[in-house]
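So the protein lines, in turn, are chains A and B. As numbered in my numbering, residues 18 to 177 make up the first sequence, in order. As numbered in my numbering, residues 76 to 444 make up the second sequence, in order.
A couple of the hints might just be wrong.
[As the list claims (entries may be wrong)] Across the chosen pairs, the derived CB separations fall in these ranges:
| # | chain 1 | residue 1 | chain 2 | residue 2 | range |
| --- | --- | --- | --- | --- | --- |
| 1 | A | Arg-133 | B | Leu-242 | 28 to 34 Å |
| 2 | A | Pro-144 | B | Thr-258 | 46 to 52 Å |
| 3 | A | Ile-22 | B | Ser-217 | 40 to 46 Å |
| 4 | A | Lys-164 | B | Ser-217 | 16 to 22 Å |
| 5 | A | Lys-164 | B | Arg-263 | 19 to 25 Å |
| 6 | B | Phe-300 | A | Ile-45 | 33 to 39 Å |
| 7 | B | Glu-174 | A | Ile-45 | 19 to 25 Å |
| 8 | B | Tyr-157 | A | Val-165 | 50 to 56 Å |
| 9 | B | Tyr-157 | A | Gly-47 | 19 to 25 Å |
| 10 | A | Ala-143 | B | Leu-119 | 31 to 37 Å |
[Unchecked claim] List time: in silico EDC-like cross-link candidates among lysine to aspartate or glutamate, alpha-carbon distance up to 20 Å:
| # | chain 1 | residue 1 | chain 2 | residue 2 |
| --- | --- | --- | --- | --- |
| 11 | A | Lys-164 | B | Glu-316 |
| 12 | B | Lys-344 | B | Asp-199 |
| 13 | B | Lys-186 | A | Glu-166 |
| 14 | A | Lys-164 | B | Glu-308 |
| 15 | A | Lys-148 | B | Glu-435 |
| 16 | B | Lys-409 | B | Asp-238 |
| 17 | A | Lys-148 | A | Glu-48 |
| 18 | A | Lys-148 | A | Glu-136 |
| 19 | B | Lys-344 | B | Glu-245 |
| 20 | A | Lys-159 | B | Glu-400 |
| 21 | A | Lys-148 | B | Glu-228 |
| 22 | B | Lys-344 | B | Glu-419 |
| 23 | B | Lys-186 | B | Glu-246 |
| 24 | B | Lys-82 | B | Glu-97 |
| 25 | A | Lys-148 | B | Asp-235 |
| 26 | A | Lys-159 | B | Glu-308 |
| 27 | A | Lys-148 | A | Glu-166 |
| 28 | A | Lys-159 | B | Glu-149 |
| 29 | A | Lys-164 | B | Glu-97 |
| 30 | A | Lys-164 | B | Glu-174 |
| 31 | A | Lys-159 | B | Asp-227 |
| 32 | A | Lys-164 | B | Asp-187 |
| 33 | B | Lys-186 | B | Asp-199 |
| 34 | B | Lys-409 | B | Asp-146 |
| 35 | B | Lys-344 | B | Glu-380 |
| 36 | B | Lys-141 | B | Glu-107 |
| 37 | A | Lys-164 | B | Asp-227 |
| 38 | B | Lys-344 | B | Glu-308 |
| 39 | B | Lys-141 | B | Glu-97 |
| 40 | B | Lys-186 | B | Asp-238 |
Simulated from the structure, these hints should not be mistaken for laboratory data. Source: prediction; values computed, not measured. Note that CB positions come from ideal geometry on N, CA and C, so glycine has one too.
Listed here are the chains, written in short residue letters.
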Amino acid sequence: MNSIIKMEAERAAIAQRSDWLGILSRSIGGELEALATDLTSGLAFEWLRAPHVGLVMVRGRAGGTGNVFNLGEMTVTRASVRLEDGTVGHGYAHGRDQRQAELAAIVDALLQLPDRHDEIMAKVIAPLRQKAEARRLEQSRKAAATKVEFFTLVRGENPA
Amino acid sequence: MAYVAVKGGEQAILNTHRLISETRRGNQALAELTLAQISAQFGLAVDRVMAEGSIYDRELAALALKQAQGDMIEAIFLLRAYRTTLPRIAASEPVDTSEMAIRRRVSATFKDIPGGQVLGPTYDYTHRLLDFALAAEGLERSQAVVAAAPLDEQVPQVIDLLDSEGLIEEESDDGQEEVFDLTREPMRFPAGRDQRLQNLARGDEGFVLGLAYSTLRGYGHNHPFVGELRLGEVMVEIVPEELGFPVAIAEITVTECQMINQFRGSAEKPPQFTRGYGLTFGHNERKVMAMSLVDRAMRARELGEDVRYPAQDEEFVLSHADNVEANGFVTHFKLPHYVDFQGELQLVRQLRAEHEATREAAQMKEAAE
């Protein structure tokens, strides 16, 4: 019984970490820098992997649901750090922003520290999530304004 | 004959680099273009360069366009060359286009579709008259209307409406694990659909468009309907080896086209609609529509149709769709071929001398008789 509870907890922890890593990676143009610089400046860490740019082959499916094919590549930057207490953080950033990958790795490490977790979630992850959602909402509302409202022309007699 | 290296021209080449730099910059009295300006205001050019350069990175594509003075194929070439300098980190999970954050979505087959017809940003309904207001500077431009409510978060694929009746062929994963990759292996024939779709996705828009057009004009059997055309953002998910679980590392813009085609049926299969598919990076509608038509045409063999026309001939299409390769081969002829040509020159002189000798001999023989 205990092992089931433990597995569930592990799964939830993984889902949560996947979520914040994604939010950090997908943030755009200096958003992370603005939110995380104060929290990370002066923090001692060593590089496990200095920030470097690489490619991810993006895949699609024939017809959207069929066999997999290679669509093309995209640039991605990644970095890994170790804090003084040994906590390892991995950072990813879409595109080629090395600073973003570095900050993402440090923030990932800090989020794993129980005494810092809530604070960092509130100060970094929540605002990044809000910005992304606001962008998505705005785009969607602009698209919604171009939705066609069909109406039927009633053919009838000339109005009396 | 050994290859003969000819020295010289070094200074001329250095000077041409400086001249092209000055030419690219143009009138110095005007402000220089920034990458942000190119990316923001020449968005569709950037999208095409990303799709055919086969790297999703707006800034790099903008840089390539700036460096190439707007020459698309040169810019695409620059991106392809750049990619060879970077390591491959991972291959993504297949993007799920049914989860797309929709910005445009239309169907030509059904008027009333769940989620509606969303025109989005398009030139389709413009008059194609030059807008001289755009030539004027400092004017305020129209702003988008913002609706009170967003679109539905889940917009179902139109094609699924037909799928439930079995009227259209199903697209399902046959579980094949190995995915063909043109960047790592040479072209293979007969080609799988994975190879064909990758080739078309990065193939030249003009070439693919011309082939698609040919299928509609009788050089193929296409009677197409656009089941759905959608534009929007999809998540790119990878499973980093250091983590072992998936992370949605990016959100990218893609265009997708589901083309529906007639199929008369065969001894085994009842009549049914068949499908052609188009998907590209960025906003590239013309390209995805053309891609889906050519994809369908190249399925002739697998559907038991006669392969009679260029667009149905996968070897012809796939071997010629890549504009970096085509450009390289066609334009290399302007580079020095001095030695080759000397050889040809000698040969033609010799042939002419032989021809003359034969003619003279024949004349003498005629005169003697």
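How the hints compare with the structure:
For the pair A:Arg-133 and B:Leu-242, the supplied restraint of 28 to 34 Å is violated, since their beta-carbon distance comes to about 57 Å. Hint check: A:Pro-144 to B:Thr-258, Cβ distance near 38 Å, so the stated range 46 to 52 Å is violated. For the pair A:Ile-22 and B:Ser-217, the beta carbons lie near 58 Å from each other, so the given range of 40 to 46 Å is not met. Remark: the range hint 16 to 22 Å for A:Lys-164 to B:Ser-217 is upheld by a beta-carbon distance near 18 Å.
About 44 Å separates the C-beta atoms of A:Lys-164 and B:Arg-263, a value inconsistent with the hinted range of 19 to 25 Å. The beta-carbon spacing between B:Phe-300 and A:Ile-45, approximately 37 Å, falls within the hinted interval of 33 to 39 Å. Distance hint check for B:Glu-174 and A:Ile-45: the Cβ-Cβ separation is about 20 Å, which falls inside the suggested range of 19 to 25 Å. Hint check: B:Tyr-157 to A:Val-165, Cβ distance near 41 Å, so the stated range 50 to 56 Å is violated.
A C-beta distance of roughly 24 Å is found between B:Tyr-157 and A:Gly-47, which places it inside the suggested range of 19 to 25 Å. In this structure the supplied range 31 to 37 Å holds for A:Ala-143 paired with B:Leu-119, their Cβ-Cβ distance being about 35 Å. Our distance criterion of 20 Å between C-alpha atoms is broken by A:Lys-164 and B:Glu-316, whose separation comes to about 43 Å. Between the alpha carbons of B:Lys-344 and B:Asp-199 the distance comes to roughly 38 Å, so the proposed pair goes past 20 Å and is violated.
For the proposed pair B:Lys-186 and A:Glu-166, the alpha carbon gap of about 10 Å is at most 20 Å, so the pair holds. A threshold of 20 Å between alpha carbons decides the hint, and for A:Lys-164 with B:Glu-308 the separation of about 18 Å falls inside it, so the pair holds. The suggested pairing of A:Lys-148 with B:Glu-435 is violated, with an alpha-carbon distance near 89 Å, which exceeds 20 Å. With a CA separation close to 53 Å, the supplied pair B:Lys-409 and B:Asp-238 exceeds the 20 Å bound.
Between A:Lys-148 and A:Glu-48 the alpha-carbon distance is near 9 Å, which keeps this suggested pair within the 20 Å criterion. For the proposed pair A:Lys-148 and A:Glu-136, the alpha carbon gap of about 18 Å is at most 20 Å, so the pair holds. Proximity of B:Lys-344 to B:Glu-245 is assessed by CA-CA distance (about 13 Å); at most 20 Å being required, the pair is judged to hold. A distance of roughly 40 Å separates the Cα atoms of A:Lys-159 and B:Glu-400; the hinted pair therefore is violated under the 20 Å criterion.
With a C-alpha separation of about 17 Å, the suggested pairing of A:Lys-148 with B:Glu-228 holds against the 20 Å cut-off. For a cut-off of 20 Å, the pair hint linking B:Lys-344 to B:Glu-419 is broken: about 57 Å separates their Cα positions. Annotation: proposed proximity of B:Lys-186 to B:Glu-246 is violated, straight-line Cα distance about 24 Å (limit 20 Å). Our distance criterion of 20 Å between C-alpha atoms is broken by B:Lys-82 and B:Glu-97, whose separation comes to about 26 Å.
Of the pairs offered as hints, the one joining A:Lys-148 and B:Asp-235 is violated, with about 33 Å between alpha carbons and a cut-off of 20 Å exceeded. Between A:Lys-159 and B:Glu-308 the alpha-carbon distance is near 14 Å, which keeps this suggested pair within the 20 Å criterion. Taking the CA atoms of A:Lys-148 and A:Glu-166, the gap is near 30 Å; set against the 20 Å cutoff, the hint is violated. With a C-alpha separation of about 35 Å, the suggested pair A:Lys-159 and B:Glu-149 falls outside the 20 Å cut-off, and the hint is violated.
With a C-alpha separation of about 47 Å, the suggested pairing of A:Lys-164 with B:Glu-97 is violated against the 20 Å cut-off. As the CA atoms of A:Lys-164 and B:Glu-174 are separated by approximately 19 Å, the hinted pair is consistent with the 20 Å bound. At most 20 Å may separate the alpha-carbon atoms for a hinted pair to count; A:Lys-159 and B:Asp-227 meet this at roughly 13 Å. Of the supplied pair hints, the one linking A:Lys-164 and B:Asp-187 holds, its CA atoms being roughly 12 Å apart against a limit of 20 Å.
Taken as a hint, the B:Lys-186 and B:Asp-199 pair is honoured in the structure, with Cα atoms around 17 Å apart against an allowance of 20 Å. For the given pair, B:Lys-409 sits about 18 Å from B:Asp-146 by alpha-carbon distance, which is consistent with the 20 Å threshold. Restraint check for B:Lys-344 and B:Glu-380: satisfied, since their Cα atoms lie roughly 13 Å apart, inside the 20 Å limit. Between B:Lys-141 and B:Glu-107 the CA atoms are separated by roughly 10 Å; this keeps the pair inside 20 Å, and the hint holds.
The hinted pair formed by A:Lys-164 and B:Asp-227 meets the criterion: a straight-line CA distance of about 12 Å does not exceed 20 Å. As the CA atoms of B:Lys-344 and B:Glu-308 are separated by approximately 36 Å, the hinted pair breaks the 20 Å bound. Taken as a hint, the B:Lys-141 and B:Glu-97 pair is honoured in the structure, with Cα atoms around 13 Å apart against an allowance of 20 Å. Of the pairs offered as hints, the one joining B:Lys-186 and B:Asp-238 holds, with about 17 Å between alpha carbons and a cut-off of 20 Å not exceeded.
Hint compliance for this structure: hints 1, 2, 3, 5, 8, 11, 12, 15, 16, 20, 22, 23, 24, 25, 27, 28, 29 and 38 are not met, and every other hint is.
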